[in-house]
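In case you want the letters, here they are:
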Amino acid sequence: MFKSSESIEKLISNLARLPGIGRKSAGRLAFHLLKVSKEEALELADAIKDVKEKVGFCSICNNISEVDPCYICSDPSRRQDIICVVEEASDLLALDKAEGFKGLYHVLGGKISPLDGIGPDDLKISELLARINQDIKEVIVATNPNVEGEATALHLAKLLKPLGVKITRIARGLPVGGDLEYADGMTLSRALEGRQEI
Amino acid sequence: MQVKNVKIISFRNFKSAETEFSAGVNIFYGENGSGKTNLLEALFVLLLARSPRGAKDAVMLKEGTDVFRLEGTVTAAGRDHQVAVAYLDGGRKKITLNKSSIRTAELYEHFAVVSAAPDDSEILSGAPARRRDFINIYLAQASLKYLALLIDYQKALEQKRSFLRQKSSEKETPYDDLLVRYGSQMTLERTHFIQTLNETAARHYEKISDGQKLQMLYSPSVPIPDGSSSLEKIEQSFRARLAKYRERERVLETSLIGPHRDEIEFSINEYPARTHSSQGELRTAAIALKLAVFEYLKKYREEPPLLLLDEIFAELDSGRRDRLIESFGQFGQLFLTTAADIPDRLARQARRFHIEKGVVIPE
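Same order as they appear, the protein sequences are chains A and B.
By our numbering, the letter at position 19 of the first sequence is numbered 573, and the numbering carries on one by one without gaps.
By our numbering, the letter at position 153 of the second sequence is numbered 220, and the numbering carries on one by one without gaps.
To be clear, the hints were calculated from the coordinates, so they are not data collected in a lab.
None of these values were measured; they are calculated from a predicted model.
All residues carry an ideal CB built from backbone N, CA and C; glycine is no exception.
What you were told as hints is all true, and nothing was included just to trick you.
Estimated spans, in silico, between C-beta atoms of each pair:
no.	chain 1	residue 1	chain 2	residue 2	range
1	B	159	A	585	18 to 28 Å
2	A	718	B	296	32 to 42 Å
3	B	120	A	609	52 to 62 Å
4	A	604	B	300	53 to 63 Å
5	A	689	B	155	49 to 59 Å
6	B	186	A	675	45 to 55 Å
7	A	717	B	307	19 to 29 Å
8	A	564	B	232	31 to 41 Å
9	B	297	A	711	14 to 24 Å
10	A	711	B	266	39 to 49 Å
11	B	159	A	618	32 to 42 Å
12	A	570	B	225	21 to 31 Å
Make a model of the complete structure from these sequences and hints.
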């Protein structure tokens, strides 16, 4: 092992703090950045700076946004009577790419996971409850189909029910285009659990 | 189910071993500490990526190494599979089936294995966790639904415990609803499983012991109203029980209600096995139980699971031993170890392997 300079070391340890990046990958990225032109490297630095300075959160739905309210909350052509609840803003982006849904969103900012130190109070739940009024007909709970997402969904359902709003849960199970015969047994078993009447 | 061949690398006292097996009875013999039990364990780990005796993965490493690897050709449902289970540096396991990487749970879909060993008498006489572990490992092989429930339930339970430790002022933990949903289904699945095992194990015990009685009774943490098999009723009962114990759970900062607190009671000739039975009785009952599991899996999977029998003749009188051997005919592939002489009736139909200090020598 050779001893690298202090500034490289600082870059590597900063990169290694990113999700999904270990020491090895961080080293590779750092040496890549050393090799590229100064302009290209600074472009990345500026992009990070820009994002941190300009992008904030929508005060209504907690989506990431450069304006407040965000472009979704301020779009009058969207249905105003239906709210889709997601864990993260990245989930919102994925769902909004699907043409099927043109209502409003609410970003919780995570899921209930005490093991990661996240309790119900750490999520934007009271903000969601405050949005429910006579005009809201339905709340779709689109938290992830894993244990934590499921627990968060049940918790929300418990709080929303007394408000008299219709609560639905996105379906979980088999991916479209995936043949039954190639699905693993546990996925099939869970999909059967979530079967619906047709 | 049939293991055609196996390759073992730095597992327990095996540095490197490779051998082929007979489709019928395979006998491992050798001195104490030669590695007979380790070889059975290797077969179990190859099929389900876990130790039958609950040993941690790192414990199964050969001394002075930090990786082990097991490979084999296994026939299941009429097809040959190439399986490899590798324990990698840093504690990760890599499992491949026919050259593609799979999750541990997928092994349960393809393979089934029943193991019987001397310390099985602890299933009857040991702590309740030993009995729950026994139920989990075998019911999961019969029902993928149960396996999925078990995995999800464990995750939800960890979350609930963590929540309780954080001393929140909330009355209910945000994981209670989910635990009720998964836990009630587990309770129902366990009820059916234990009912069936109870009947079959009693039949085997009666035969081997020449007329004695074994009984197995499920005593779930959430009482089942009047033996009801309605999920809804169990969920109601679960909720009521949780409400009653909520304050205690909060004070003790742990979860007190649910399948993780289930108990199974065994009695032999109507006396509680834990307190009244002899070693020989417990050993016989444990074998009867494993034979019952074997039959259960055979029925549900429509082929006999692999059967691993470690020193099962120890502590049995000659009458019990003979009657046990009589039942061997109905099995598929069978592996057994013995430090003592091999009974003639078995030796004739078996392929024998001499195990010596981590080396396998076929005869």
